[in-house]
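**Q** Now for the letters of each chain:
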Amino acid sequence: MKNILEVKNLCMSYSTIEGEVEAVKDVSFSVKEGESFGIVGESGCGKTSVAMSLLQLQADNGKITNGQILFDGKNIVQLNESELRSIRWSGISMVFQGAMNSWNPVVKIGEQIREAIREHYPDKSKDENTNKILELFNIVGLDSSVIDRYPHELSGGMKQRAVIALALSCDPKLIIADEPTTALDVVIQDQILNEIRKVQEVLGLSLIYISHDIAVIAEMTDNMAVMYAGSIVERGPTKEIFSNPRHSYTKSLLESTPSIVGDKVKLKSLDGEPPSLINKEPGCSFAPRCPYKEESCNPLREMELIEINNEHYVDACNAGKL
Amino acid sequence: MKNNLLEVRNLEKYFEVSSGIFSRNKSIVKAVDGISFDIPFGSSLGLVGQSGCGKTTTARALSLLDPKTSGTVNFYNEETSSMQSIDELEGEELRKFRRNIQMIFQDPYESLNPRWNIKDIILEPLNIHNIGNLKDREEAVYEILKTVGLTPPENYMPRYPHELSGGQRQRVSIARTLIMKPKFVVCDEPTSMLDVSIRISIMDLMLNLAKDLEVSYLYITHDLAVARYMCDRIAVMFNGKIVEIAETEELLSNPIHPYTKRLISSIPIPDPSYKRERYELDFSELDNIIANNSDELPMAEVKSGHYVATHDVKGIL
Amino acid sequence: MDKQKDIAKSIRRASIKKNWAMFKQSKLGMIGIYIVGFFLFLSLLQPFLFVTGIWNKGIYDPVVGYSEQFQDFLVVDCPKEYPTEKYKSRTDCPARNEINIRTLFYSDAQVGETIYQNLQPAPPSKKHILGTDPLGRDVFSQIMEGSQVAFILGLLSATLGVGISTLLGTIAAFYGGRVDAYLMRQSDLILMLPTLPLLFIISAFSELKVWHLAVVLGTIGGLGGSVITIKSQALQVKVKPFVDSARITGGSRMNILFSHVLPNVAPLALLFMVFSVTGAIASESVLSFLGLLNIDMSWGLMIYLAQVEGYIFSGMKFWWLILPAGLSVTFLAGGFYLVGRGLDEVFNPRLRKR
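Chains as they are written, first to last, in the working numbering: chain H, 304 to 625; chain Z, 735 to 1051; chain P, 546 to 899.
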């Protein structure tokens, strides 16, 4: 199957008064058509920055300093604003963190979605658009009356479903979902995740799912990447990574996640904090906290992903370890 | 046989809400609608529920922040060796009593005064209750900073909250809470805003301190997995009432109330090969229990220590 | 424990540096700081010049100094109607080196003669950078004196006003109920009062000196609208978890009010203070201009004198009597406002550009 998105050596940094913050360093991954790709990491690891750079929606002081983003074979890094606008929403669309709270409170939901459709398909009639929206609502499990409702009349779960409908409104090929279910109740989260899976199957969409919750990534994704301090430390098929985690950070992540099934085990946690990304020193950023350090550990060595198994990549340092 | 530290019976907290033009219509929101539970000494109870179920309101009522509407809350009084209702405490007695109850908040960024340095923040409880002299107090702060893992303490005492990370701030909160050696600490989701890799260290710290100081926790969370890690018993709250309460492993392996079952089945499992069973709402077991509940008890005991609520939930689930 | 003190000092230094760096980012704030700094320099310059003897007090004192500049004047008789071939309009007669015979009271000179007279007010020259006023006093010295007055008045009234409003606002937020209701009604009442007419009335009853005015302005400002804003800020602080934490620990209400709520309201209060200096300076100049204040020297007074002596309508002929004073008021008041804008960006993270 063809790759719908290929990211090669993406680097992005923000300039702040305190120095250069290298938020994304040398990130490479690819997403096939119809595939669901997960990016997991903690706060500050760069996963949201990666998402924003894919659509060049990063803050004004952020800049892509290196790398290529190939969408459907075409490099979109160098595109100007108007070319990017034609890709946004109709090629790649995004469900932002906290999106359900960014509905305009004085405009009806249906009208806000119509606005998005009009941007990309200005020739369609109002009826065609309405029908399209009703179709989308059907897929995400919303009642058709929602089209004429205001955001404050909807519950959190309904608003989030509407956000997904909005992301689907211009028939994108790839959706990026950044923590779409934080702040939602666990039962609603389950329903929304179901809807997303259903949508993917029905429309043949590719999905990039970003979260700090490793359990959700386990259930929602075919392939995944683990990010730390701006770089990918391990990447591969989800099942493979969970059954055979190789990077120390991945292992620590799995060992510190409590679960309600299985025996009650004593969990292990990591000491220290993620490093500051301001004027970062070169070398392995996880070394200070690595609980699996061996004598061969060389903290000054730069990270380098090598393949150890079928499609399973991990930093060279951990590749040799068991 | 452990004494009970805390006994709650029929705790209710209602809010009046006025709506309509000129606030004409007043309606009552029953945030907490009659809950009862016990917490023995040195044991912890998890209060699990989704947002809006009343768990934070319960926390605030039990920590004496907001007054309850009705119900009895009895704490064990060491001087009289008997349970005493908090309604009887006033003025100076109440102030002394407050030494025994503390609360750890969810937001590490808003629970420390940004204008105070760490030393003063942890000193405050000692100052308010006039414990020891200044030198003793500073030493106590020094020691507790070591205990919670913020070493060397001299580096942390003059700093301000905004210079610390979220995890470090929660440690300061824990230090401040436990410096008075309270018997009862209400924890309002203290790790939900922290990074996953740090959560366990904070939770382990709290568990160790609970053992060393014989503290009982009321641990409030929406995350059942965290409640499992931290608590001996779990109470599931829904719509202002407790629907099920039991020992942790019993609740997870043998849930009875449809709400509990639905909650458990919705939680994602960090294992891609695990097949999660979707739960279809089925009231037959609950109906059975209600039918056998001839004494009209609000909570029926289905097993030793395992209680299920008997009120009608069919319309609202 | 010494190590602690060292660490505390270095932390304070680092945070001051950081705040300064943030402030520097705001262009408006920096412009404001330069302006305010310039006037501060002026107010300090004058006593310096006197003390070191560079300036002779007899000549340069802004109130009682006297400087003579004699020169030859041609006596003319200004016509009744304009324009004529010599003069384009009324303001052109008499010209710089001429004098109108109608203004000569103590001389027998006739039209066409030259007389040796004192030039008052004198235009800017090497001796007097901004010239002299109708009474022979150095204008530049007056500007510097006015600068001192503006600073003292502004800062005094602002501090007083902010002190009052912070206290009242915090008390209103904290105690609620009837106390709050009363303070809000009082605030509304004062907001309603027109400040300037009120000041006119007060000046009719009592003699207003600089610090009288400062107290009056401070009190009126302090009891007015800022109480409401500070109260809303205090309400926001009141519900923060650290206040709850202090309550649970057993802190008394007074204790919590002063040690927790007040310090967190202070940044907003500081902001108000800077903005209210603007109002104070402006009020003073208006009152002086109307002659209602009993001040020896201030910018408003300079313009008042110019107007009373009729120089205001002379257009640009006697610009040094009006422009420096007027511009000073505008710039200093504006400068403080800009500093306030810059401070706002430091305190309010949402306004920061990064």
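Derived from the structure by calculation, the hints contain no laboratory data.
Predicted, not measured: the structure shown is a model, and the values here were computed from it.
It is possible that part of the hints are untrue.
With the Cβ distance kept under 7 Å, some of the chain Z side facing chain H (calculated, not the full set) [unchecked claim]:
1) GLN784
2) LYS830
3) ASN834
4) PRO848
5) LEU898
6) LEU986
7) SER987
8) PRO1002
Chain H stretches covered by chain Z per the calculated footprint, using a threshold of three residues with CB under 8 Å from any CB of chain Z [said to hold, decoys possible]:
9) 399-407
10) 490-501
A short list of chain P residues far from chain Z (calculated; beta carbon distances all over 12 Å) [to be verified]:
11) ASP551
12) ILE556
13) PHE593
14) CYS638
15) TYR651
16) THR823
17) LYS862
Ideal Cβ positions, reconstructed from N, Cα and C, are used throughout, including at glycine.
**Q** Now tell me if each hint is right for this structure.
**A** These are the hints, each one checked on the structure:
The closest approach between the C-beta of GLN784 of chain Z and any C-beta of chain H is roughly 4 Å, which is under the 7 Å cut-off, so the hint is satisfied. With 7 Å as the threshold, the beta carbon of LYS830 of chain Z stays out of range of chain H, its nearest partner Cβ sitting at about 37 Å, so the hint is violated. Hint status for ASN834 of chain Z relative to chain H: violated, with the closest Cβ pair at about 29 Å, above 7 Å. Hint on PRO848 of chain Z is violated. Least Cβ distance to chain H is approximately 19 Å, over the 7 Å limit.
Checking LEU898 of chain Z against chain H: minimum C-beta separation of about 10 Å lies over 7 Å; hint violated. About 6 Å separates the beta-carbon of LEU986 of chain Z from the nearest beta-carbon of chain H, less than 7 Å, and the hint is met. At its closest, the beta carbon of SER987 of chain Z sits 10 Å from a beta carbon of chain H; the interface hint therefore is violated under the 7 Å criterion. At a threshold of 7 Å, the smallest CB-CB gap from PRO1002 of chain Z to chain H is about 4 Å, leaving the interface hint in force.
Check on the segment 399-407 of chain H: 0 of its residues sit with their Cβ under 8 Å from a Cβ of chain Z, so the three-residue criterion for coverage is violated. As drawn, the segment 490-501 of chain H meets chain Z at 4 residues by the rule of a beta-carbon pair under 8 Å; at three or more, the given contact holds. With a least CB separation of 9 Å from chain Z, ASP551 of chain P falls inside the 12 Å interface cut-off, contrary to its annotation. Against the 12 Å criterion, ILE556 of chain P falls within the reach of chain Z, whose nearest CB is about 6 Å from its own CB.
Once the 12 Å rule is applied to beta carbons, PHE593 of chain P is consistent with being away from chain Z; the minimum gap is 38 Å. Every beta carbon of chain Z lies more than 12 Å from that of CYS638 of chain P, the smallest distance being close to 67 Å; the non-interface claim holds. With 12 Å as the threshold on Cβ separation, the claim that TYR651 of chain P sits away from chain Z holds: the shortest Cβ distance comes to roughly 70 Å. The beta carbon of THR823 of chain P sits about 27 Å from the closest Cβ of chain Z, which is more than 12 Å, so the claim that it is off the interface holds.
No beta-carbon of chain Z is positioned within 12 Å of the beta-carbon of LYS862 of chain P; the least distance is around 57 Å.
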